[in-house]
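Residue numbers (numbering that gives the first Met the number 0), protein chains in the order written: chain Z, 0 to 222; chain A, 0 to 255.
Calculated directly from the structure, the hints in this document are not laboratory data.
Treat the hints with care, as some may be off.
[Said to hold, decoys possible] Under the rule of at most 20 Å between Cα atoms (straight-line distance), these lysine-lysine pairs were calculated in the PhoX-like manner:
#, chain 1, residue 1, chain 2, residue 2
1, A, K32, A, K119
2, A, K150, Z, K69
3, A, K49, A, K228
4, A, K34, A, K49
5, A, K150, A, K34
6, Z, K74, A, K150
[What the hints assert, rightly or not] Which stretches of chain Z does chain A cover? Using the computed rule of at least three CB atoms under 8 Å from a CB of chain A, they are:
#, region
7, 130-139
8, 142-150
9, 201-211
Glycine is no exception: its CB is placed at the ideal position from the N, C-alpha and C atoms.
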Amino acid sequence: MTREELILQVIIFSLGFFFAFVYYVRVSEPIDLQAVSQQLFAYLTAMLTAAFAIGMINLTRVHWINIKRKRATWKFSVILIASLYGMAIVSLISSPFALDPQAAVIPQGVINLFNPIFDFLYYKVLVTINSSIFSLLAFFIASAAYRAFKARSLESTILLLAGLLVVIGQAPVADVAWPGFATIRDWILAYPNTAGQRGILIGAALGILAFSVRRMIRYPWGR
Amino acid sequence: MIELIEGRIAQLILLIIVLAAIYEVTRIARGRKMKTRGIPGLERLDGWIKQAGTLDRSVFFTPGTGAVTYPDTLAALALLEYVAERCVEQNVKLIVGNADLNVQQVAEDIVKTAYTKAGKAKEYNPDIVRFISGRQFAFAAGVMGILRREKPAVNIFVGDFSAEALAIAEAGRSDAIAQFGGTTNVDQLPFFMATCDLTLIGEELFTAQGYLKNDPDTISTYVGPDAGKIIAILLILVGAILVTFGNQILVSLLDL
């Protein structure tokens, strides 16, 4: 471990220990450690926000190279860069996060001109595209379920039966056909399903604990 | 004034007990050759990366949409270190897609280090580690686009994922890309199981890097959490028996 790595490791350990300590112990005098912890979180948020520029630089760099070298997808890169900077400019002039909402520097006429453009780009384009991608999930779930629900082995047959019973229990028609379907669905979700999920969660939580401690003390040393 | 926070005292005691058990078991296991149950198919990852090189296709890696402070993301970044080293070693093109700006910086550093370690620092270019988008579905669309246009041979998506995971996985599946997924998010795990050739379930995510490197010292640290599991199982069993007979003592103790 080099000297720089050692210093960094000491900082990581100290901060990790500090946050774990203030989670369990309240210290109000002589220093309010809970307030210090909140302050440190505020610095973290500020740091994360400052990193925003890095994303823009990286996107611009990658797509500028695409355009410069006329790669096969360079036209998409033009659209991306135009959308990125276009939306940024419009949002800076007219959005809930506008730079000059009181029109102290930017003329009110310009802001009024940009208001419908921002509304169109945000609500009619961005939100709509976002919803479209989200709605694709319905079809993806159907195709994934089709592949998963095949009776190839005993385990997959059990999965298929359990899945079918939950799907039937969830359908409105099931209540009319036989009220027992809803009871079976609830039982599957509340017991075997919860038991399996909690098993995974307990294992993952312990894995996270060991992993975090390993990171804090960097054990095995130097790796 | 110093005082323990009410409602977290039992948690703290449990944490100390579990940490002590993890430490002791790890200490005993250290230096010994441990017999591991194995993670089925994980060894195939090396073969897939090699095959990507043979086919002159790339390997795509994403650590998900979680922040750099999330354990899943940290475990994914640890795995990225391994994947980047293998790709550089075998001259396979690597593409890393990120949704978080801080993860982007760490991923860049990891991949650059892999190139530097292999003496190929000049071959690193900014096109390898890409920031896609901080918005969940814009990120999903970006990754789907990369999978469709650049046709990588392997799609590795391990880390913190939400609904975007299925979109990414199905895009890879429809292009017949070998898929390697992993997360601790139990809501997403069924989709990973249905769409991936290999899935790291829960805690396996935290052991993958050490397991692949086959390092006895690292593997010994994985035995520790098993001691925690034994404590958890005992607590569940004793708690279930006590509650069944109407005794709430354990519930009250855990509420302290």
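Verification of the supplied hints:
no., hint, in the structure
1, A:K32 to A:K119, "violated (34 Å)"
2, A:K150 to Z:K69, "holds (19 Å)"
3, A:K49 to A:K228, "violated (37 Å)"
4, A:K34 to A:K49, "violated (27 Å)"
5, A:K150 to A:K34, "violated (38 Å)"
6, Z:K74 to A:K150, "holds (18 Å)"
7, 130-139, "holds (count 5)"
8, 142-150, "holds (count 5)"
9, 201-211, "holds (count 10)"
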